[in-house]
Amino acid sequence: MPIKTLTIPANLTIIHVGLGPAGQRNFALPGLKPAKSSGKNQLYTVSIDTHFSASHRLIGYSGPCESLHGHTWKVRVTIQAEQLDEIGITVDFKTLNVIIQSVVQKLDHHHINDIPPFDTINPTAENLAGYLYRSIRGKMPDSVSVSEVTVWESDRYAVSYSE
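Each number in this note's numbering corresponds to the 1-based position in the sequence shown with 1 added.
Read the hints as simulated data drawn from the structure, not as lab findings. Being a predicted model, the structure only gives us computed values, none of them experimental. The beta-carbon is built from N, C-alpha and C at its ideal position, and this holds for glycine as well.
Capping the alpha-carbon separation at 20 Å, the derived lysine-lysine pairs in PhoX-like fashion look like this:
id	residue 1	residue 2
1	Lys95	Lys75
2	Lys107	Lys140
3	Lys75	Lys107
4	Lys95	Lys107
5	Lys140	Lys95
Now the in silico label distances, taken between C-beta atoms and shown as ranges:
id	residue 1	residue 2	range
6	Ser68	Glu164	30 to 38 Å
7	Gly139	Ser68	27 to 35 Å
8	Gln84	Tyr158	30 to 38 Å
9	Asp143	Ser48	14 to 22 Å
10	Gln102	Tyr158	21 to 29 Å
11	Asn42	Ser63	46 to 54 Å
12	His112	Thr46	27 to 35 Å
13	Arg157	Thr96	27 to 35 Å
Generate the whole structure from the sequences, applying the supplied hints.
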């Protein structure tokens with residue numbers, strides 16, 4: 002594979018050696034390593050936002066939300082990591098997005114009440130946030146943990162879930 006050298010400000014040279022598996026960045030940084038801890042606890046927090054469109058109805062709710070209606074739901078997944086990998090990232094954003102989309106796409110353009118577990122529990126924003134949290138947490142690499150999932154059913158109303 003040909004090696005390309007790119008000089009950036011501050012006279013730091015980055016040698017591009019290509020793309021790794023699944024298109025990951027793969028750079029050789031001569032003498033550059035991830036920042037070392039100051040000895041105190043360190044925690045990196047990363048958030049990814051996405052959205053999906055789906056209908057639902059709230060069973061037993063006294064008001065208009067008892068009728069069939071839809072939302073463009075916004076979802077924010079926040080993960081935590083205590084360490085960076087050898088190139089200085091917690092986990093690749095693309096990897097996180099694939100995991101999140103594998104769960105969210107099961108809801109997109111569907112009637113949520115028909116999808117387990119919402120065929121037996123009310124598809125409230127609260128229950129949806131908990132479902133997304135647990136579903137996404139189960140797919141994350143060991144190096145990170147899900148700290149919170151926030152679900153917006155509109156620009157004004159959101160619910161966050163964490164354990």
